[in-house]
Amino acid sequence: MSSAGLLLGIDIGTASSKGVLVAADGTVLARASRAHQTSYPHPGWVEHDARTVWWQDFLEITRELVDAAEGRELAGLAVSGIGPVLLPATAAGEPLRPAILYGVDTRASAEITELTEELGAEEILRRGGTPLSSQAVGPKVRWLAKHEPEVFARTERLLMASSYLVHQLTGEYVLDHHSASQCDPMYDLHARDWAADWARQVAPGIELPRLAWPTEVVGAVTAEAAGETGLPQGLPVTTGTVDAWAEATSVGVTQPGETMIMYGTTMFLINVLTDPRPHPGLWTTCGALPETYSLAAGMATSGAVTDWLRKLVGGEFGPLVEEAARVPAGSRGLLLLPYFAGERTPLFDPDARGMLAGLTLGHGRAELYRAALEGIAYGVRHNLEVMREAGGTARRLVAVGGGTQGGLWTHIVSDVVGAAQEVPAETVGACYGDAALAGIAVGMDVDVRAWNPVRRTVQPDPDRAAKYETYYQHYRALYPASKDIAHFLAAEQRAAEPAD
Amino acid sequence: MAGYLGIDIGSTATKAVAFAPDGTPIRGASVDYAISRPAADRAEQDARDWRNAAEECVAELARHTDLGSVRGIGVTGQVDTHVLVDEAGEPTAPALLWQDVRTSAVVESLNARLGPHGRAKGWASSQPIDASNPVPRALWLAEHEPAAWRRARWLLLPKDFINGWLTGEFASDPLASFKIANGAGYLPGIAEAPGLAERLPSLYEPDHPVGRLRRDWHGVRAGTPVATGTMDAYCDVLGSGLRQAGDTLVILGTTAVVATVGIGGTDGADVVTFAPYRGRQVHAAPTQSGGDSLRWWATATGHEVAGVLGAAGTAEPGAGGVIFAPHLLGERAPLWDTEVRAWFTGMHASTGFAELSRAVLEGVGYSVRELLDAVEAAAGARAERLVISGGGSRDPLWCQIIADITGRPARRTRNTDTAVLGAAVLAASADTGTDPWARAAELTQYDADYQPDRTVRTRYDQLYELYRSSYHALREVHGRLARLSS
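Going down the list, the sequences are from chains A and B. Following full-length UniProt numbering, the numbering of the first sequence begins with 1 at its first residue and continues without gaps. Following full-length UniProt numbering, the numbering of the second sequence begins with 1 at its first residue and continues without gaps.
Read the hints as simulated data drawn from the structure, not as lab findings. No incorrect hints appear here.
Facing chain B, according to a computed beta carbon distance under 10 Å, are these residues of chain A, among others:
1) T301
2) K311
3) M355
4) G358
5) L361
6) K467
7) T470
8) L478
9) R494
Covered stretches of chain A, going by a simulated chain B footprint (3 or more residues, C-beta under 8 Å):
10) 325-339
11) 363-373
12) 480-491
In this text, all values refer to a predicted model and were calculated from it rather than measured experimentally. We put the beta carbon where it would ideally sit given N, CA and C, even for glycine.
Model the full assembly from the supplied sequences, consistent with the hints where possible.
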C-alpha cells in the first residue's frame, strides 16, 4: 500500500453529490459537485434512480477530479451516500427498480407495525438498538415482497448508495457495519453481524453482503470500471459508509463522547460510544471506525423550518438574521415547536405539528425568526438530554453544516444547551471524511484534527443560558400539553390530501 | 336633505355623519387626533381636541350639505375615558383614556380592602374594580392633581363633554356609566371617592334630550334638540337595527364585539350586561383583538391587508388543519385572562401563507362563536341570525367565515360606522319621542346576506372544540410566558 499519493472522496447526497481531491496532509486540491433530482412518485415515496443519479454523478465528478489531479498518483478512493437505502439488484449488481430512500420515505408504515408485532418491540430494540421506523430497511424489504412481488422474486442482492458504487467499481458485494446496523431488524448490534434468523424472515432467499469497516480496502477498480470512469485500474477502493458518519469522521468526531451536531435541512446528531446503548428514543448503530458504536438523533426539520419562515415573512436571510440577533433571548415570550414534518427522535411522532405560542401584537418577523432558531435549539437540547439518558456522554460538541454560517444559530444552540461548540475550518462535508477514511484504509497516517482544525469555539453566555433554562422547561411542557390537538389536526390534513 | 346628525368621539378620531330622515347617510367627515403617553401607565388626550375635531367635522359637512333641516343631534363616544371640567365646561386637566392604568396601585388597595364580598354590595359586580373605573380615578386625581380636582365641577365622559359644550347642560346616561350606575341611578360604591358624587352629572336615558343647541352651528339651527346619547358599543347595537330578543350583532372592528338583545336575562358572569333600556336588556362581550389580528399578521409578514385577504381566499375552510387563537393582547370576554397569548397550531411544512392567513380570519371567527355562546347564555335566547358591522365586515370572505363557523345566517349593515347611526337614532327619538328600538329598525339598511355552508359545518364544529381545548391545554405555558416577558 502506498503512503503518499492523492485521495478521492465522493458522497451521494439527497439533493446533490459532492467530491473532493485531497493531498496526504489533508489539503483540499479540488472540489466538484452535481445537483440531481429526487423523485416523489406518490405521497410518502422518495426515490433515486441508481444509474441516472448515482452512477452518472459519480462519473462526472470523478472525471473532473481525475483531471484536476493532472496525472499525480492516486492512492485510494472512498464513497459514502444517503442511507440506509433499499436498492434491490441482480447478482450482477443491476438495479431492478429505483432506490427507496431512507427515513423520508414512509411507504412501509404497515410493515413497520407488522414486523414490530412479529418480532417484538423490546427484542428488536435489544438486538438491533433501534425501534423500527421509516428509517429501517427491513420493513421496506417486506413492503417490496408484498407490493412488487415480481421485483422481489428477481432480487438477489440488496445495495445502498455506497455499496452500489463499490459494486460497480470492484465487483465486490460488501457493506460497512454502520450501514448494516441501520438495516433493522436484520443486524445484531452485539454480535456485530447479520441477525441471520431475522434476515431470513424478512428477506428470504436474498444473499446478504459481506461485512467490513469503512477503514478497510475491499477491492480495486476493475479494468471495465477504469475504462468507464477514467480511474486507474487497480486503485484501492474502501467499504464506504453513510454520509453523516463520514461527515463526523471529517470533523474528528471519532472518540467516545464526541458529538457532531449537523445544521442541515434537518438537524442530525451523532454521539460516539464504546458500547451499544439501545434507547427507544434514538438510533443506536455501529460507528464508522472499527469497534465503535454511536447514538444518532435526527429531527424531522430544521433548516427547512427557517427557510419556511423566511419565505413566509419575505426578504433575504441576511437582514432577517441581523434583526433576529437584536431580539433578546426568548424572543420576547415566544415558543415555537419545530415539528413541521412530525418529529423523528426522540418523539417518533409523525403526527406532531408545528406550533407558535405566546404571540402578542409586539411580535414581528424578527421575533418569529428568532423563535424558529430557538425552537430548533430546544429540540437539539432535548435530543442531547435523551442521549445522556441513554448512557452517552457529550464531552465535546462539534457543529457542522450550512446553518453554522453567520454564527447566530450556533450561539443560540450553545446558550440553550449550556455548552461550547467547536466549529471546524473545513465544511466540505461527508466527501472530505471519505478521503480521510480512504487515507486510513490505505495505511496513511491520517490525523483528522490536523487535517481539519477548529476554526472557532462558540461559548455559551451565562445570562442567556439561565434565561433559556426556563424557556426550555416550558418548551418541553408544550408538546405533551398539545399533542392530542396536533394529532387531530394531522389526521384532518391527511383526510384533505387528494387520494393517490 | 339632512335629518339627523350623528357624532362619535372615538379614541383615535371623531366622526360625524349627516343622515337623511330615512337613515341614508348623506355625507361623513372624520378628523384624527393623538393619544399622548407621558409614561408607560398613562394614556391621555386633550379634551379640546375632541371639541375641535367635532367642530371641523361639522364644518366640513356644512360645506357640502345644507344642515338647516337637521332636527336632532346625537353624540356617542369612547367609554372609560374621563375628563375633569370647570363650571363653564373647560377642562382642568388632560383626559384619562380607557387605556390609562395609572390608578393600578389605588385599584389594588381598593380591591384588597373590599374583596369580592364588599364589591357584591354597592358595585356593578363582584368582579375586581379595574383601572378605568371613575372611583379610583377620582381618588388618584384628588391626591395627585389636587388643584385640577378642586376646580373641577364635573367628571365627564367624552360625549357628555361635547353635549355640555353644545347645550350648556351637563348630564350622562346609565348605560355609558355602567361601572358606577344602574337603571336606578349611581351605585353606593361611588362614596369610596370623597367628592365624586357631587362631580357626577344627572343621569338621563340616552334618547332623552339633554338640552338644545345654544346657537346656530354651521347651519344647524339653535334650539335643535341634542340627545343624551350613550357609549359607542351600545350605539352600534342601535345602529344595527337589533330589536327582537335574540337579535345579535357582531362588530368586526379593532376588537370583536358580540352583543345580543334579551327581554330579560341574567347577569352573565363572562359578559357585560347593561341596565334594561326601554324594555330591552343588552348583553355584550368584547374581545381584545379582532381586526387588529389581521393588521398584525399583515405587518409581521410584510403584506398589505388586502394581500392577506386575497391569499386567505385561496385556502380551504379549516385552513389546512391550522388553528389560530387571536389573543394577541390577552383576552377580555369570555376568558377575562390578561396572561393568555395568541397561538398558531397544526403547522406543517406544506402550510403556506394562504392557510395561515385564513387561520387568522377563522381564529377571530372561533372567538366570535365563543362570545356568541356566552351572550346567548346570558340573554337566555338563541340568535337565529346575526348582523355584522365594523371595518372587517367589508370583506365578504370574513363575513362568510363568521356565518359558517357560527352556523347562523348573517346580514351585513350598509354602514360600517353603526355607532354614528345609533347616535342619530337617539337624536331622532329625542326629536319625536318615538321608541328608539323601533326607530333603529326603520333607519338601518343592509347590503349583503351570508348563508352558512352546511358542508363545512362538521369540520368547523370539530375545529371549534379544538380551539377551546387548546386554550386549556396551553393556559399554563401562556401564563408563564406572559410573566417571563413582562
